[in-house]
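Produce the entire structure from the sequences given, and follow the hints as far as they go.
6 protein chains.
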Amino acid sequence: MSKIVHITRRERFSAAHKLAKPEWSEEKNYETFGKCSNPNWHGHNYVLWVTVKGTPEPSTGFVVDLSALGDVIKDKVIQHVDHKNLNLDVEFTKHLMTSTENLAIAIWEQLEIPVKELGADLHCVKISETENNYVEYFG
Amino acid sequence: MSKIVHITRRERFSAAHKLAKPEWSEEKNYETFGKCSNPNWHGHNYVLWVTVKGTPEPSTGFVVDLSALGDVIKDKVIQHVDHKNLNLDVEFTKHLMTSTENLAIAIWEQLEIPVKELGADLHCVKISETENNYVEYFG
Amino acid sequence: MSKIVHITRRERFSAAHKLAKPEWSEEKNYETFGKCSNPNWHGHNYVLWVTVKGTPEPSTGFVVDLSALGDVIKDKVIQHVDHKNLNLDVEFTKHLMTSTENLAIAIWEQLEIPVKELGADLHCVKISETENNYVEYFG
Amino acid sequence: MSKIVHITRRERFSAAHKLAKPEWSEEKNYETFGKCSNPNWHGHNYVLWVTVKGTPEPSTGFVVDLSALGDVIKDKVIQHVDHKNLNLDVEFTKHLMTSTENLAIAIWEQLEIPVKELGADLHCVKISETENNYVEYFG
Amino acid sequence: MSKIVHITRRERFSAAHKLAKPEWSEEKNYETFGKCSNPNWHGHNYVLWVTVKGTPEPSTGFVVDLSALGDVIKDKVIQHVDHKNLNLDVEFTKHLMTSTENLAIAIWEQLEIPVKELGADLHCVKISETENNYVEYFG
Amino acid sequence: MSKIVHITRRERFSAAHKLAKPEWSEEKNYETFGKCSNPNWHGHNYVLWVTVKGTPEPSTGFVVDLSALGDVIKDKVIQHVDHKNLNLDVEFTKHLMTSTENLAIAIWEQLEIPVKELGADLHCVKISETENNYVEYFG
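One line per chain: the protein sequences are Y, E, A, H, G and W, in this order. Under the numbering used here, the first sequence has 8 at position 8, and the numbering climbs by one with no breaks. Under the numbering used here, the second sequence has 127 at position 127, and the numbering climbs by one with no breaks. Under the numbering used here, the third sequence has 77 at position 77, and the numbering climbs by one with no breaks. Under the numbering used here, the fourth sequence has 40 at position 40, and the numbering climbs by one with no breaks. Under the numbering used here, the fifth sequence has 49 at position 49, and the numbering climbs by one with no breaks. Under the numbering used here, the sixth sequence has 78 at position 78, and the numbering climbs by one with no breaks.
What the hints contain is simulated information worked out from the structure, not anything from laboratory work. Ideal Cβ placement from N, Cα and C applies to all residues, glycine included. Be careful, since some hints might not be right.
Which bits of chain Y does chain G cover? Going by a derived footprint, with three or more residues having C-beta under 8 Å, they are [what the hints assert, rightly or not]: (1) 10-20; (2) 38-44; (3) 108-118.
Heads up, simulated EDC-like pairs for lysine to aspartate or glutamate below, C-alpha to C-alpha not over 16 Å straight-line [to be verified]: (4) W:Lys35 with A:Glu31; (5) A:Lys76 with A:Glu57; (6) A:Lys35 with E:Glu57; (7) E:Lys21 with H:Glu57; (8) E:Lys3 with Y:Glu131; (9) G:Lys35 with G:Glu136; (10) E:Lys35 with A:Asp82; (11) Y:Lys116 with Y:Glu57; (12) W:Lys53 with G:Glu136; (13) H:Lys3 with E:Glu136; (14) H:Lys21 with Y:Glu57; (15) E:Lys3 with Y:Glu109; (16) H:Lys53 with H:Asp89; (17) W:Lys35 with H:Glu57; (18) A:Lys35 with G:Asp65; (19) G:Lys35 with W:Asp65; (20) A:Lys35 with E:Asp89; (21) A:Lys21 with G:Glu57; (22) G:Lys21 with W:Glu57; (23) Y:Lys21 with E:Glu57; (24) H:Lys3 with E:Asp89; (25) Y:Lys3 with H:Glu112; (26) E:Lys116 with E:Asp71; (27) E:Lys53 with Y:Glu136; (28) G:Lys53 with A:Glu136; (29) G:Lys3 with A:Asp82.
Following this line, the structure appears as structure tokens:
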């Protein structure tokens with residue numbers, strides 16, 4: 001019998017970004033993205049929750065070793081984005097409009113295979129940008 | 001290819017209410033609803049999370065403009081309930097037993113069409129009444 | 001040698017109230033107190049922190065038995081205000097403008113002597129009305 | 001017409017435990033479980049969220065009486081685990097590797113039938129061990 | 001008789017910054033400030049608590065009208081720093097090493113006189129940069 | 001001119017303990033310490049806030065390098081208590097009744113000199129045992 005359990009690990013990172021299309025004027029960017037288009041950047045303390053699912057391994061009771069999962073998240077995501085500029089410094093986000101929606105999709109793509117290699121399935125990438133909003137991507 | 005993302009906005013309101021059936025005696029109401037039936041009302045800081053889903057728009061990276069979503073929630077819900085009495089002052093709740101369950105359903109009905117008009121689908125209305133309980137309604 | 005330690009216990013209560021002077025018109029009350037003057041009341045989840053200070057008793061390591069302190073707070077404060085209307089139901093607040101400032105002072109007066117009887121000194125009564133504001137009264 | 005609503009109650013407990021297989025050496029346990037294998041135990045403030053679902057009862061607006069649900073959770077779970085050692089004191093966990101995954105499954109088994117007897121369906125048992133991780137079990 | 005009460009209002013802002021001395025090399029800045037020296041900036045969701053003290057006004061029960069205090073904080077601080085770069089965009093911080101310590105002092109200087117004009121005394125400016133650190137400045 | 005700023009760093013640890021005097025019977029311990037006297041231990045996620053004060057250094061804007069402060073706290077406190085039994089495993093607490101009051105004093109004694117060596121003054125050690133209580137020790 002296999003009992004599926006979801007397990008979630010929280011990580012945090014602080015980064016700068018802006019929302020602005022380079023080919024648009026500053027005015028048009030402000031009209032579309034408001035204060036998020038500030039040319040000199042702004043930033044956030046992002047909170048990231050990574051949920052994986054699987055069957056607890058009988059000898060350990062673990063779906064996945066949480067510290068191994070933490071290492072994967074740090075290696076594939078956090079070290080690349082923490083104290084960085086998401087529009088300038090990060091290979092997997094710098095070609096994107098760095099909306100929280102697109103960050104969640106990009107982080108999913110970083111994690112899907114490495115989580116599989118840990119023996120679990122990636123279920124959800126959730127990111128909050130402020131205490132008043134968050135996004136979830138389920139692949 | 002369309003990638004579905006869920007995005008959630010948090011809003012808050014402070015309101016008075018009570019749980020009591022007018023046709024019942026004070027004793028019967030107390031028996032059923034306990035201290036929530038206090039005739040002179042009590043109140044809460046309600047927290048409301050509204051989750052919508054859709055595909056990020058390629059030019060903005062947004063499922064929905066969060067500030068437009070915030071405006072809809074304020075216009076359709078918050079301005080009607082904040083610093084109000086849910087049993088006396090609010091058109092869409094005053095005919096109800098104002099349990100958190102019924103509030104979630106009533107707020108869903110206020111938001112379903114306006115969210116559609118923003119180009120997204122309402123996915124969940126979540127309300128907490130205290131830090132120890134919350135309800136979720138998925139339509 | 002006596003080492004002074006401060007110890008704080010958190011309790012919570014949900015209550016209705018309004019800010020309005022009965023001798024003023026509804027308009028003047030609205031002008032002064034804004035939406036807090038709604039005639040049909042509103043309410044909050046108040047959070048109360050009671051800080052006492054003293055020297056840990058050598059045999060227990062306690063400044064004060066926290067569950068005895070909790071009992072005092074429940075007996076003198078929480079049972080009187082929880083799920084009540086602060087302007088109508090509560091002996092020690094109903095004669096007051098129920099601002100958070102005045103609540104803190106009134107609760108201090110309820111607790112000062114009973115805390116002394118537990119062998120400690122009341123140091124601070126802190127109350128938050130919403131996540132964005134709180135008051136502290138030090139006697 | 002039946003509208004399904006999910007309602008969640010939060011409870012908390014503080015317990016000691018360790019992760020270690022008695023038939024393994026201390027070294028092998030450390031290799032597998034890290035600092036969680038400390039022979040003299042460690043502990044946590046566990047937070048438990050129990051989500052049930054059902055249709056609000058028309059006369060009360062309740063899926064389930066939250067205080068009855070709270071009593072069930074206290075009776076079947078909290079009183080057995082709070083201020084206890086999960087590996088030594090608790091009938092329904094002491095035969096387990098007390099990973100958070102296994103705790104969630106064991107608590108589900110304690111609650112499934114009693115929740116049914118309250119007239120609702122158990123939907124999810126969620127437990128957090130620290131602010132950085134939680135598990136969810138959906139049966 | 002005058003009873004002194006402290007009242008605190010929380011506001012939030014999201015901003016970009018870096019810690020780096022322009023006259024130092026990138027290496028020396030990294031050595032001193034670590035990842036906070038990233039040339040392309042990073043950012044935070046700053047939380048600001050402003051505490052003022054005074055005697056509640058008898059007719060209102062208020063030390064200060066909280067919404068007037070909120071307006072002062074928004075006018076003198078938040079509108080200048082929210083979604084801005086603290087090193088490039090903000091008159092009262094751009095000449096500073098933008099450590100949290102210096103931000104607290106700079107914000108105190110923005111608020112001291114306007115709070116006095118509201119009839120209260122500024123008591124403390126507290127800022128958190130992440131959930132793991134905060135500073136307090138008492139003038 | 002020297003402006004004193006307080007800066008606080010939060011750290012966390014998970015530990016087992018009990019409150020019981022070895023020379024007392026189990027019954028007398030239960031009478032005095034309630035469920036905290038469980039012979040098989042219980043545990044908590046302790047949260048520790050260490051506040052130091054000083055004048056920001058002009059070239060960095062720092063009262064103290066926060067990561068150096070973090071290293072001191074980890075070296076002198078966290079590594080000794082995290083995932084440990086406070087009554088059995090920890091040199092600086094195992095001779096104590098491990099009340100939160102006594103933990104705060106013991107941790108102060110671990111930190112006072114090392115903080116001085118960083119060029120600041122220890123101002124407060126604050127510990128919470130659960131979300132409903134915390135202690136503060138100011139030396």
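Here is what the structure says about each hint:
With a cut-off of 8 Å between beta carbons, the segment 10-20 of chain Y has 5 residues touching chain G; three or more are needed, and the interface restraint holds. Restraint check on the segment 38-44 of chain Y versus chain G: 6 residues with Cβ-Cβ distances below 8 Å, three needed, restraint holds. By the rule of at least three residues with a Cβ nearer than 8 Å to a Cβ of chain G, the coverage given for the segment 108-118 of chain Y is violated, with 0 such residues. Simply put, Lys35 (chain W) and Glu31 (chain A) have alpha-carbon atoms about 53 Å apart, too far for the 16 Å limit, and the pair is violated.
This hinted pair does not check out: Lys76 (chain A) and Glu57 (chain A) have alpha carbons roughly 24 Å apart, beyond 16 Å. A threshold of 16 Å between alpha carbons decides the hint, and for Lys35 (chain A) with Glu57 (chain E) the separation of about 38 Å lies outside it, so the pair is violated. Using a Cα cut-off of 16 Å, the hinted pair Lys21 (chain E) and Glu57 (chain H) holds, with the two alpha carbons roughly 13 Å apart. In summary, the hint linking Lys3 (chain E) to Glu131 (chain Y) is not supported, as the alpha carbons are separated by about 24 Å, beyond the 16 Å threshold.
Of the supplied pair hints, the one linking Lys35 (chain G) and Glu136 (chain G) is violated, its CA atoms being roughly 23 Å apart against a limit of 16 Å. Simply put, Lys35 (chain E) and Asp82 (chain A) have alpha-carbon atoms about 8 Å apart, close enough for the 16 Å limit, and the pair holds. With a C-alpha separation of about 15 Å, the suggested pair Lys116 (chain Y) and Glu57 (chain Y) falls inside the 16 Å cut-off, and the hint holds. Using a Cα cut-off of 16 Å, the hinted pair Lys53 (chain W) and Glu136 (chain G) holds, with the two alpha carbons roughly 9 Å apart.
About 11 Å separates the Cα atoms of Lys3 (chain H) and Glu136 (chain E), which keeps this hinted pair within 16 Å; it holds. Restraint check for Lys21 (chain H) and Glu57 (chain Y): satisfied, since their Cα atoms lie roughly 13 Å apart, inside the 16 Å limit. Simply put, Lys3 (chain E) and Glu109 (chain Y) have alpha-carbon atoms about 12 Å apart, close enough for the 16 Å limit, and the pair holds. In summary, the hint linking Lys53 (chain H) to Asp89 (chain H) is not supported, as the alpha carbons are separated by about 31 Å, beyond the 16 Å threshold.
At most 16 Å may separate the alpha-carbon atoms for a hinted pair to count; Lys35 (chain W) and Glu57 (chain H) exceed this at roughly 38 Å. For the given pair, Lys35 (chain A) sits about 13 Å from Asp65 (chain G) by alpha-carbon distance, which is consistent with the 16 Å threshold. The suggested pairing of Lys35 (chain G) with Asp65 (chain W) holds, with an alpha-carbon distance near 13 Å, which does not exceed 16 Å. As the CA atoms of Lys35 (chain A) and Asp89 (chain E) are separated by approximately 13 Å, the hinted pair is consistent with the 16 Å bound.
Straight-line distance between C-alpha atoms of Lys21 (chain A) and Glu57 (chain G) comes to about 13 Å, which keeps the hinted pair within the 16 Å bound. With a C-alpha separation of about 13 Å, the suggested pair Lys21 (chain G) and Glu57 (chain W) falls inside the 16 Å cut-off, and the hint holds. Among the hinted pairs, Lys21 (chain Y) with Glu57 (chain E) is consistent with the structure: their alpha-carbon atoms are about 13 Å apart, no more than 16 Å. At roughly 25 Å between alpha-carbon atoms, Lys3 (chain H) and Asp89 (chain E) are farther apart than 16 Å, so this suggested pair is violated.
For the given pair, Lys3 (chain Y) sits about 15 Å from Glu112 (chain H) by alpha-carbon distance, which is consistent with the 16 Å threshold. Among the hinted pairs, Lys116 (chain E) with Asp71 (chain E) is consistent with the structure: their alpha-carbon atoms are about 14 Å apart, no more than 16 Å. About 9 Å separates the Cα atoms of Lys53 (chain E) and Glu136 (chain Y), which keeps this hinted pair within 16 Å; it holds. Restraint check: the Cα-Cα separation between Lys53 (chain G) and Glu136 (chain A) comes to about 9 Å, which is no more than 16 Å; the hinted pair holds.
For a cut-off of 16 Å, the pair hint linking Lys3 (chain G) to Asp82 (chain A) is broken: about 26 Å separates their Cα positions.
In terms of the numbered hints stated before, the structure departs from hints 3, 4, 5, 6, 8, 9, 16, 17, 24 and 29, listed from lowest to highest.
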